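**Q** Below, each chain spelled out in residue letters.
Protein chains: 2
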Amino acid sequence: MTTTGAGRPRLSTRKRPGATAREEILDAAAELFTTRGFTGTSTRMIADAVGIRQASMYHHFATKDDILAALLLGTVAAPVECAEQLRRDCEDPVVGMYALALFDAGQLVASRWNLGALYLLPEVTTERFAEFRGLRADLMARYAAFAHDARDAIAGPDCGSVPLELPFRLVEATISSRSDAAVHDTTSPLTPDAVADAALRALGWTGPTDEIARRATALLDRIPES
Amino acid sequence: MTTTGAGRPRLSTRKRPGATAREEILDAAAELFTTRGFTGTSTRMIADAVGIRQASMYHHFATKDDILAALLLGTVAAPVECAEQLRRDCEDPVVGMYALALFDAGQLVASRWNLGALYLLPEVTTERFAEFRGLRADLMARYAAFAHDARDAIAGPDCGSVPLELPFRLVEATISSRSDAAVHDTTSPLTPDAVADAALRALGWTGPTDEIARRATALLDRIPES
Chain X
124 MTTTGAGRPR LSTRKRPGAT AREEILDAAA ELFTTRGFTG TSTRMIADAV
174 GIRQASMYHH FATKDDILAA LLLGTVAAPV ECAEQLRRDC EDPVVGMYAL
224 ALFDAGQLVA SRWNLGALYL LPEVTTERFA EFRGLRADLM ARYAAFAHDA
274 RDAIAGPDCG SVPLELPFRL VEATISSRSD AAVHDTTSPL TPDAVADAAL
324 RALGWTGPTD EIARRATALL DRIPES
Chain A
124 MTTTGAGRPR LSTRKRPGAT AREEILDAAA ELFTTRGFTG TSTRMIADAV
174 GIRQASMYHH FATKDDILAA LLLGTVAAPV ECAEQLRRDC EDPVVGMYAL
224 ALFDAGQLVA SRWNLGALYL LPEVTTERFA EFRGLRADLM ARYAAFAHDA
274 RDAIAGPDCG SVPLELPFRL VEATISSRSD AAVHDTTSPL TPDAVADAAL
324 RALGWTGPTD EIARRATALL DRIPES
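So the sequence lines, in the order shown, correspond to chains X and A.
Under this note's numbering, the residues of the first sequence are numbered 124 to 349, in order.
Under this note's numbering, the residues of the second sequence are numbered 124 to 349, in order.
Rather than coming from a laboratory, the hints here were simulated on the basis of the structure.
Note that the structure is a prediction, hence the values are computed from the model and not measured.
There are no misleading hints in this set.
Covered stretches of chain A, as calculated for chain X (at least 3 residues, CB under 8 Å):
| # | stretch |
| --- | --- |
| 1 | 158-171 |
| 2 | 243-254 |
| 3 | 290-301 |
| 4 | 319-326 |
C-beta atoms are modelled at their ideal positions from N, C-alpha and C, and glycine is treated no differently.
One chain only, chain X, in its complex shape (with noise of 0.2 Å):
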């Protein structure tokens, strides 16, 4: 609780969840551009969400575009930590693929609010983002080394000229089908485990995927939270 200090008291007890007002804000600011849109959302909603403020508020993030860069960049930190330490630690780029794949298809369809439908916002192509946008280039290029090597692991048939990007798109397909399964209570939407098979398979794999899963899982459980 720290960090409210720097603000006026608050003016009603706590509406969110979140340990810190910090993270009440994204919490509430994400409700709201995911539900009401980025361009529809004013800061004063945002404080209003969290009760507090708008002032306060101002303490913690002087711009909603402030605002929209951490929720965003929140969303490929952690994946990218993840492909580091498999990187380190994983001697089988098909078991890293896999792992990859799982945690951050994990990550999108268990976070609160489904911020990957931002992604294609037209004001994160504005300079305000470029941080995002490099991590997020990072990140797909981590994937992208990653399927080469699962790739030439695998030596499957026919596969030496399968896009590298599609273990990336798969897992970010999980966006899509969780905004898909929200409106159409007829699907579910895809899961981490059938999107990390299906990287697989795209790179050419074709054989039964459960030990590889039982492996991916096993490291990812040894790696500490980020």
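On the provided structure of chain X, position chain A as indicated by the hints.
**A** Chain A in isolation, oriented as in the chain X frame:
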């Protein structure tokens, strides 16, 4: 040019591709929605971009929502029609699955503006866009039917639990791939062939796909333009 007769004389000569004023309005709106955002675009901006008066635009579209609805419907109408033709004319579900993915990814990639980037707008979850969501759900169901039959025909090992929505998601992955390629000039967007190939591999296909691709292309060449 019959439709322009409904409004005032044009302020200027043609600025936009499109055989009719309606098509020019749709093209201008598609550019503005995908580059400035839907909320950040006014009907005035659209009229200015076409070079007509706002009053003339209202002869074609009563609201900005109506323009977005027409644009979104346009992204799913052709693949639904293609899927129907393939259902009637194609006896091999593997070729049919490949052909549908190839056609749909092809039209998503070749469209002048990346309209799929608008699918996740919060506005699209409202009642006004129920017709679009219904037609897109119809398209998803047609994909799932082809995926089901193709998976059975392939009878690949351990593919009994493959989610039938993967081919549809792989095709829609061209949307974010195209968006990323426009920002990061180091990557090239996913091609329709690569996506159709991956759709079959996700369903358990393990061999080469050249012959399937040849038959799918020949089939699509026989389908009349809708």
